[in-house]
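S.K.: Sequence lines, in order, name chains A and B.
Residues in the first sequence are numbered consecutively from 1, following our numbering.
Residues in the second sequence are numbered consecutively from 1, following our numbering.
It should be emphasised that the hints constitute simulated quantities derived from the structure, not laboratory data.
For glycine and all other residues, C-beta sits at the position ideal for the given N, C-alpha and C.
Be a bit skeptical, because a hint or two may be false.
What the hints assert, rightly or not - DSS-like, lysine-lysine: derived pairs with alpha carbons at most 25 angstroms apart:
hint, chain 1, residue 1, chain 2, residue 2
1, B, K143, B, K121
2, B, K239, B, K222
3, B, K292, B, K239
4, A, K17, B, K121
5, A, K17, B, K143
6, B, K222, B, K233
Said to hold, decoys possible - Far from chain A, by Cβ distances over 12 angstroms, these chain B residues were calculated:
hint, residue
7, G240
8, D241
9, E257
10, G289
What the hints assert, rightly or not - Derived coverage of chain A by chain B (criterion: at least 3 residues anywhere in the stretch with Cβ under 8 angstroms from a Cβ of chain B; other residues may be distant):
hint, segment
11, 10 to 16
12, 93 to 103
Single-letter residue listing:
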Amino acid sequence: MMGYLGGVYAIWLREVKRSLRDRGQLIGGVSRPLLWVLILGIGLNPYFRGEVYGEVRFVVPYTYLQFIFPAVVVLNILYTSVQAAVSLIWDREFGFLREVMVSPMPRNLVLLGKILGGATTAVIHGCMVLVVARFVGVPLTLMDALAAIALMFTLSFGLTSFGIVIANYVRGFEGFGVFSNAVILPLYFTASSVFPLDPALTRAQTLAIYPEWLVVVVEWNPLTYAVDAMRGILINFNQFDPTFDLRVVGIMTLVLFLVAVWEFRRV
Amino acid sequence: MAETSGEAGAIHARGLRKTYAGRKGQEVVAVTGVDLDVAPGEIVGFLGPNGAGKTTTLKMLATLLKPSGGTANVSGCDLAADPLGVRKRIGYVSQAGSTLPDAPLMLEIESQGRLYGLSTKEARRRGLELMEALDLGGLERRKSQNLSGGQRRRLDIVMGLIHRPELVFLDEPTTGLDPQARANLWEHIRRLRDELGTTIFLTTHYMDEADSLSDRLLIIDKGEIVGEGTATKLKAELKGDSLTLTFSGGEAAETGEEVAAGLEGAANVVRQGNVLFLNLPDGARALPGLIKRLSDAGAEPIGAELSRPTLDDVFLALTGRSLRE
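Please construct the entire structure, taking both the sequences and the accompanying hints into account.
M.R.: This is the structure in structure tokens:
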């Protein structure tokens, strides 16, 4: 048993070290939040304030920078987690995966090592965003940071599993590029990441401001609840019930992990 | 259960078979039924063209694919009943290599060792030993992207041997190497066997590799073993010298085929397009007569080449096609 844990550790360590050596990934991890925060956040900051739509008053009691910041943390995690797909495709194109499969390590533990490695990397990338928290008006206590890391880890675990499932269907690296544009960004934009659905509004009022299809997409996107939970932790603002948020994130992670286990049988 | 009880490092397979369900529900046969025996400490070359079932057979023996039928005992463990036992005893070096290009070698070796339950220290110790043995001493901090092709293949072998397997599978070990690096690698592989007694089962589609590296050959085609023995024995089984005749067109070659087939002593007559291959006892003496008969039949060859039989001829005779296709 100890031998197997050593194997999980080996795969985890290999994964984390590999991503830390990957300059492209690190540059992406740093530049993405800077762009979103500096350009989009600062640029839209002055226009983000209460508006009156007929009878409806639309207010989020935060600056746009504060509002978007937790979503940028989630964005970085989303990108990095799904990169696990690239790492798996790489291992498959080369012989590593086959060699691991010939070793006495049980498949599920190989998978676990991979996912833990990807999730760890994603948490590191999430923390790179947290570093700039105080500069965008998001003061963090230690407890906030720890809670954020716990949420990041759960989310990363699920999203890395998602990446691994994707890797099983994607042939080659080009396919992955297409995938990331077709899936990651739409998921992100419809997660109420860059615009709010005001919690003070009734559903009828929300529908008066936004087209119904958009509201429906946002409500059905599980990432919406991850972003909302992150906002709850970092700026104490929730658009949905926080326990419901955590339940959605937890169930999503569990389901994605089980799907990954299922898919990994036939790698 | 396999018929013979297996000893460490040996392989005994009977009727090993792999089929897939095709698109319309019909059965697609990848490996029809392979019987093979490998003795401990042997270097066996598994030879066949692409698509012959080489890799599928190798994958089945290495527990990567579940056989659809048949039995096998690999290094003393039953393939179906104890795949984990098999995995502990075998090494597998894939064709593509497995190291990350930008990772220091020792890091990858340690990581591989841990997969087999070795401590970092032990993995490092064995890694250094093996690197020394394979002429990679002093390179442990190098990155594999900075190694030559031959060094990289040797590194892959170090990784495959880290847990001291009794039997190691090498999938096309020298594909893509220059001739000098290939000869050098053969040297190393032979030494591994001589010094460690490791059984080596390698696939290849290079005749010279099969000829000079392997103690014994297994030739597979269309999912079946079609020939088996030492290179010398296989060549001796071919009757006579090999003769290659080139005709100006397919029609002339067809006529040529008929004439040659009627010739006394001619064997293994195979036509590919406008080229005819056959074996002829005492070829140098028989050739002028044959050419005259061909001319009389209106199928004068535009080229003729006579040679001592090579493994390629063996292959052609056994499978009806050239390995170089």
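S.K.: Each hint needs a verdict: does it hold in this structure or not?
M.R.: Going through the hints against the structure:
The suggested pairing of K143 (chain B) with K121 (chain B) holds, with an alpha-carbon distance near 20 angstroms, which does not exceed 25 angstroms. Of the pairs offered as hints, the one joining K239 (chain B) and K222 (chain B) holds, with about 24 angstroms between alpha carbons and a cut-off of 25 angstroms not exceeded. For a cut-off of 25 angstroms, the pair hint linking K292 (chain B) to K239 (chain B) stands: about 22 angstroms separates their Cα positions. Proximity of K17 (chain A) to K121 (chain B) is assessed by CA-CA distance (about 19 angstroms); at most 25 angstroms being required, the pair is judged to hold.
For the hint linking K17 (chain A) to K143 (chain B), the alpha-carbon distance of about 14 angstroms falls within 25 angstroms, and the restraint holds. The suggested pairing of K222 (chain B) with K233 (chain B) holds, with an alpha-carbon distance near 22 angstroms, which does not exceed 25 angstroms. Every beta carbon of chain A lies more than 12 angstroms from that of G240 (chain B), the smallest distance being close to 43 angstroms; the non-interface claim holds. With 12 angstroms as the threshold on Cβ separation, the claim that D241 (chain B) sits away from chain A holds: the shortest Cβ distance comes to roughly 41 angstroms.
Taking the minimum C-beta to C-beta distance to chain A, about 43 angstroms, the non-interface status of E257 (chain B) holds against the 12 angstroms cut. The Cβ of G289 (chain B) lies farther than 12 angstroms from every Cβ of chain A, with a closest approach of about 54 angstroms, so its non-interface assignment holds. Here the segment 10 to 16 of chain A counts 4 residues with a CB under 8 angstroms from a CB of chain B, which clears the bar of 3, and the coverage holds. Coverage of the segment 93 to 103 of chain A by chain B holds. Counting CB-CB distances below 8 angstroms, 10 residues qualify, and the rule asks for three or more.
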